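The chain contents come next:
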Amino acid sequence: MAQKTTSTGRELTMSRAMVEAVADEMREDEEVFLMGEDVADYGGIFSSATGLREEFGYDRVMDVPISETSYIGAGVGAAQAGMRPIVELMFADFFGVAMDQIYNNMAKNTYMSGGAVNVPMVLTTAVGGTYNDAAQHSQTLYGTFAHLPGMKVVVPSTAHDAKGLMHSAIRDDDPVVYMFHKRLMGLGWMPSPDGPKTEVPEDPYAIPFGEADVKREGEDATVVTLGLHVHRAMDAAEALAEDGIDAEVVDLRTLTPLDTETVLESVRKTGRLVVVDEDYHSYGVTGEIVSVAAEDALADLEAVERVALPDVPIPYARPLENEVIPDADDIAAAVRATQE
Amino acid sequence: MVTARYYEERLQEEYLEGKQPAFDISAGPIPGELHLAAGHEASGAGVCAHLRDDDTVTAPHRPHHIAIAKGVDLKRMTAEIFGRETGLGKGKGGHMHLFDPDVNFACSGIIAQGCPPAVGAALAAKKRNTDGVAVAFLGEGAIDQGAFLESLNFASVQNLPVVFVVEDNDWAISMPKGRVTDVADGSKRADGFELHGARVDHDDVVDVYEAAETAIGRARDGNGPSLLEVQVHRRMGHFMGDPEEYRTDEDVERHHARDSIERLADDLRKHGVDDDELDSLREDAHERVDHAIDWAKEQPEPDPAAAYEDVYANPVARTGTEPRATAESDGGED
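Chains as they are written, first to last, in the numbering used here: chain A, 1 to 340; chain B, 1 to 334.
Hints are computed from structural coordinates only; laboratory data are not their basis.
Only a predicted model underlies this, so the values are computations on that prediction, with no experimental measurement involved.
A virtual CB, placed ideally from N, CA and C, is assigned to each residue, including glycine.
Hints may be right or wrong, so weigh each one.
Stated by the list, open to error - Just so you have them, the derived chain B footprint on chain A, three or more residues with Cβ under 8 Å:
1. 63 to 72
2. 76 to 87
3. 116 to 123
4. 143 to 155
5. 170 to 184
Said to hold, decoys possible - Only part of the chain A face toward chain B is listed, based on derived beta-carbon distances under 8 Å:
6. PHE33
7. ASP59
8. GLN101
9. ASN104
10. THR110
11. TYR111
12. SER113
13. GLY210
14. THR256
15. PRO257
To be verified - Pulled a few chain B residues facing chain A out of the computed Cβ check, cut under 8 Å:
16. THR56
17. LYS90
18. LYS92
19. GLY120
20. ALA121
21. LYS127
22. MET175
23. GLY224
24. VAL316
Isolated chain A, as found in the complex (with noise of 0.2 Å):
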């Protein structure tokens, strides 16, 4: 389905965007069903399931035991079995005590069967810090997950881009992995950025996987971000702006399947390539689009900048957190340091 681009006027957090995409799925689709840690009363600690019990009731939103590989293990075997389960992860820091169900059996499947079976199962999972949540409630682990065949990942940065990629996630016959961050999700003990909250049309409509989003046309450098630093990315190209420095921003919205021509296009045109990332500096989602860059646009390289959290465990103290977790001031000196 092609995206709409109909304006309603109407503007939604990027929680109340996801959950309307799944309320829209599950009433089209009586094999769509949701089951998670507190979504049925609770509505998902993060709002990822708010009003759904109402509306659905218990045997559709399931509250399960705390529990996450007999229930994620579950939804494999409910996918196998045909069914559309969306489940849902806490938070990803916890794919620890699960980690076996998700990526030896939800994400390979399909290929050690030669495609006798398929696994179309959601697995949503709150990511990312910036609240003082800790090493163990903060990462974004958006590497860790891409890294491994056979999931799609995604991560959406905006009420419109969260809609669209639940329809297509709930949709697909592959197993999903759809990353929100939590500041973005528009919670009122979390305040978000002004980004996330936008129009969002009323029908559904899918974003297809793939396609990365240029937030900010610019000729100087090429910004490519993901989720919350989609935003951060932006306030830091407005500074630039100011100081004549025209900074393109690309969202990847997801990161497999991964928008290389998009991210090549860009370092086509301003040859200085900028990337930044939530997750950990190295093995991760930065290092990969140099990569990219580098294996079929290097001679138009003429710079690269790599922002990303450094190699430590995520710090509880305020001025510890804020020192770790790249903002717009540190993607702005990344910039110009590529203009050098």
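Go by the hints and put chain B onto chain A.
Only chain B this time, still in chain A's reference frame:
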């Protein structure tokens, strides 16, 4: 049971071919690990006799007797074990990763890993209001895994039509059961989750059949999950090539002394089945196995280019899933 036993004897021969005089795990017509289940047959046969094609079975890394009992396509399963293009998984899975959606069978390589997906299949049956059931097989070495214990709880609280079948062959590779648990009767773990538990402490297939009838009947009738433990025997090493130096001669003899297949033959004789009939059954089974193995060995090996296919049902345009430009496929020579 006869089919499964003979099948594994034949696989053993094939496996060792090319692995002489020195055992090289990657050599011969069947490379990699091979976990044989000789001595387990009564469990697979006694349980699966109650199942229909639309019922789901997940099996562990020692899957052949269960797959055969569930009705998995023997030829394509064999081709998979030989790594051939027409195998169940087109040569991408191997003997620990056999998937036959026609009879809803799957097995996997990590201890207790199949329990949560079996629970999920049972959840799907319940949601769709069918009388389908799911059975997860696992070894007694798997009953300390979180995946198993979590699955018992999830199945219990959701009242799901699933049966967990623990095949107790006394050994987790080299670790005897008594070294890793103080609970000799694994079915007692059912008590902690308030589900039906039973143990069959010998591998007479009729007794397994009857215990499974109760457990599967309960599941089919909406009366919830069960945990069934069956004492089986380990007539071979954990995997082919296992020197089994940790086992005493007495233990090996004990495991060989009680053969469920011979006992079944005796029972049948007592019920008036004559030797000719038994021989004929054996011959049919052997013929079927020989035919499957002959067929599998004639099948083509996969085209190397196929390694890049089937990662996704809806393939993605990118990323690392294309062949390396610098290593163009040479069409299968090796």
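Do the hints match the structure? See the list:
1. Residue count for the stretch 63 to 72 of chain A with a Cβ under 8 Å from a Cβ of chain B: 7. That meets the three needed, and the coverage hint holds.
2. Note: the stretch 76 to 87 of chain A has 9 residues with beta-carbon separation from chain B under 8 Å; the three-residue rule is met and the coverage holds.
3. For the stretch 116 to 123 of chain A, the assignment as covered by chain B holds, since 4 residues bring a beta-carbon within under 8 Å of that chain's beta-carbons and 3 suffice.
4. Counting residues of the stretch 143 to 155 of chain A whose beta carbon lies closer than 8 Å to any beta carbon of chain B gives 3, which meets the minimum of three for the stated coverage.
5. Here's how the stretch 170 to 184 of chain A fares: 3 of its residues keep a CB closer than 8 Å to some CB of chain B, so the rule of at least three is met and the hint holds.
6. Evaluation of the PHE33(A) hint against chain B yields a held restraint, the C-beta minimum of about 7 Å falling below 8 Å.
7. At about 7 Å, the closest approach between the beta carbon of ASP59(A) and any beta carbon in chain B falls short of 8 Å, and the interface hint on this residue holds.
8. Hint on GLN101(A) holds. Least Cβ distance to chain B is approximately 6 Å, under the 8 Å limit.
9. The closest approach between the C-beta of ASN104(A) and any C-beta of chain B is roughly 6 Å, which is under the 8 Å cut-off, so the hint is satisfied.
10. Satisfaction of the interface hint for THR110(A) is found here, the shortest Cβ-Cβ separation to chain B being roughly 6 Å, below the 8 Å cut-off.
11. Checking TYR111(A) against chain B: minimum C-beta separation of about 5 Å stays under 8 Å; hint holds.
12. Hint status for SER113(A) relative to chain B: holds, with the closest Cβ pair at about 4 Å, below 8 Å.
13. At about 5 Å, the closest approach between the beta carbon of GLY210(A) and any beta carbon in chain B falls short of 8 Å, and the interface hint on this residue holds.
14. Because the smallest distance between the Cβ of THR256(A) and any Cβ of chain B comes to about 6 Å, under 8 Å, the interface hint for this residue holds.
15. Interface restraint check for PRO257(A): the shortest CB-CB distance to chain B comes to about 3 Å, inside 8 Å, so the restraint holds.
16. Hint on THR56(B) holds. Least Cβ distance to chain A is approximately 7 Å, under the 8 Å limit.
17. Given the 8 Å rule on beta carbons, the hint for LYS90(B) holds: about 3 Å separates it from the nearest Cβ of chain A.
18. The closest approach between the C-beta of LYS92(B) and any C-beta of chain A is roughly 5 Å, which is under the 8 Å cut-off, so the hint is satisfied.
19. Annotation: GLY120(B) was flagged as interfacial toward chain A, and the flag holds, the nearest CB pair being 2 Å apart, inside 8 Å.
20. Look at ALA121(B): its Cβ gets to within about 4 Å of chain A, closer than 8 Å, so that hint holds up.
21. For the restraint placing LYS127(B) at the interface with chain A, the shortest Cβ-Cβ distance is roughly 7 Å, inside the 8 Å limit, so the hint holds.
22. A distance limit of 8 Å between C-beta atoms decides the matter here; for MET175(B) the minimum to chain A is near 20 Å, and the interface restraint is violated.
23. Here the hint on GLY224(B) is broken, as its CB sits about 15 Å from the closest CB of chain A, past 8 Å.
24. Hint on VAL316(B) holds. Least Cβ distance to chain A is approximately 3 Å, under the 8 Å limit.
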